[in-house]
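Got chain A sorted already, so can you dock chain B onto it with the hints?
Residue-level listing of the chains:
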Amino acid sequence: MENYKDQLEHLKEMRELMNRSSKFLSLSGFSGIIIGTYALIAAGLVIYICGNDTFDPESFSNYLSEYRGIQSTGDYRPLYCTAIAFMTLVFSLGTAFYFSRKKAKKNNEALWSPSSKIVITQLFIPLIVGFLFCATMAEQHYFKLIIPATLIFYGLALVNVGKYTFDELTKLGILEAFLGIIATGYLEYSIYFWAFGFGVLHIIYGFAIHRKYERGS
Amino acid sequence: MDFIKKLNKAFDSRLRLGIMSVLAANDWVEFSRLKDLLDVTDGNLASHIAALEKINYIDVKKQFVGKKPQTTYKITRAGKKAFADHLDALEKLIQNS
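Chains as they are written, first to last, in our numbering: chain A, 1 to 217; chain B, 218 to 314.
Isolated chain B, as found in the complex:
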């Protein structure tokens, strides 16, 4: 079952898939917006974001808006490719079963 091997281990968790989906469909997205959309806790979201950031699938930008710190995220080129490949693999998996 070759195509199963192609499924990306980095996307094992459905929360990570969720993060990638939102970032794939949007430009820069704020942390709070991701949290609202995915309906998760700060800590949970932060740890999965950190993991995706570590393997360079997403870019992080920290800035101040007025006096408030704001963190926004964007999918990287590598992340986009990995996500697309993962979706392809999923599609094949579904077609073959």
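The following block holds chain A by itself, in its conformation from the complex:
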């Protein structure tokens, strides 16, 4: 029955249009894999630089809060860690942007669309709040909870954008936030939780998105 085939085709087309028009689907699975790798490298560097201090929050915050003038102790480790964190952030955003632009081009879509604008604002609201919160904690020399807080706020940011892009991001966000909460109970291992959340989970989800949405395209 010709009509039936036609209508089925129409339905498929409508569904595709609804998705494409309301969701930002240019996020690339590859960027997840690469960002996860950056995070693993960053965590490795922090563990290498800080040695055992990272795993003992007391001594970590002690030596961090003692420093007042970093010069006086000649200890540049807090500075190194902050620099690593910022570089990871900048490289990750750059990578996500680069691969999204590539994917958008390939799918013949605009990178700067109403849906990408929504994703960016909804992602950055919790991230900026989280950043300010962490900055305040650092300023108060309360370093213990910064690593779990990054996981929690990043998780909430992902939950926030899940409905405007791949559904998988909602699940990833819940996992990240949950991991952050668990990390608060094991502060001496929080860098490992961080490495798992930002590293391993990103890589797994990057593969999952690539397999589900990008293979064969």
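Hint data in this document are derived by calculation from the structure and do not stem from the laboratory.
Just so you know, not all the hints are guaranteed correct.
Unchecked claim - Distance condition first, Cα-Cα at most 16 Å in a straight line; then the derived EDC-like pairs of lysine to aspartate or glutamate:
#, chain 1, residue 1, chain 2, residue 2
1, A, 117, B, 244
2, A, 5, B, 229
3, B, 279, B, 247
4, A, 5, B, 308
5, B, 291, B, 270
Unchecked claim - Just a sample of chain A residues kept apart from chain B, beta carbon distances all over 10 Å, derived:
#, residue
6, 4
7, 122
8, 135
Said to hold, decoys possible - Derived list of chain B stretches under chain A, where covered just means 3 residues or more per stretch with a C-beta under 8 Å from a C-beta of chain A:
#, stretch
9, 228 to 235
10, 251 to 261
11, 271 to 278
12, 284 to 291
Glycine included, C-beta positions come from ideal geometry on N, C-alpha and C.
For chain B alone, kept in the frame of chain A given last:
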């Protein structure tokens, strides 16, 4: 074949279905965005929009952004219901064949 009668004549064209799909999934949508998504010419899109507007399935808002005129569209309540009914009818048609 009762359910075939329920298929809305206003949605005969696949372009109109496309317009309704985009508007059903979004809030206000610009003309240029619709054009990009549906990959059609200005004239073709405008005529189908006019038809849907005439039967009150979509709302039109014309405004100036800076010096540029901007036209945006939104599905109306009647349009939403008609579209949902049409989809239901399609579903039945497919189930029964």
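Evaluated hints:
1. Under the criterion of a C-alpha separation no larger than 16 Å, the hint pairing residue 117/A with residue 244/B is consistent with the structure, at around 14 Å.
2. Taken as a hint, the residue 5/A and residue 229/B pair is honoured in the structure, with Cα atoms around 15 Å apart against an allowance of 16 Å.
3. Between residue 279/B and residue 247/B the alpha-carbon distance is near 10 Å, which keeps this suggested pair within the 16 Å criterion.
4. A distance of roughly 12 Å separates the Cα atoms of residue 5/A and residue 308/B; the hinted pair therefore holds under the 16 Å criterion.
5. Our distance criterion of 16 Å between C-alpha atoms is met by residue 291/B and residue 270/B, whose separation comes to about 10 Å.
6. Distance check for residue 4/A against chain B: the nearest CB is about 4 Å away, which does not clear 10 Å, and the non-interface claim fails.
7. Residue-level check passed: residue 122/A sits 14 Å from the nearest beta carbon of chain B, beyond 10 Å.
8. No Cβ of chain B comes within 10 Å of the Cβ of residue 135/A; the nearest lies about 34 Å off, and the non-interface call holds.
9. Judged by the Cβ-Cβ criterion of 8 Å, the stretch 228 to 235 of chain B is covered by chain A as claimed, because 3 of its residues qualify and three suffice.
10. With 3 residues having a beta carbon nearer than 8 Å to a beta carbon of chain A, the stretch 251 to 261 of chain B meets the requirement of three or more and the stated coverage holds.
11. Judged by the Cβ-Cβ criterion of 8 Å, the stretch 271 to 278 of chain B is not covered by chain A as claimed, because only 0 of its residues qualify and three are needed.
12. Three residues within the 8 Å Cβ limit are the bar, and the stretch 284 to 291 of chain B against chain A gives 0, so the coverage statement is violated.
Checked against the numbered hints given earlier, the structure breaks hints 6, 11, 12 and satisfies all the rest.
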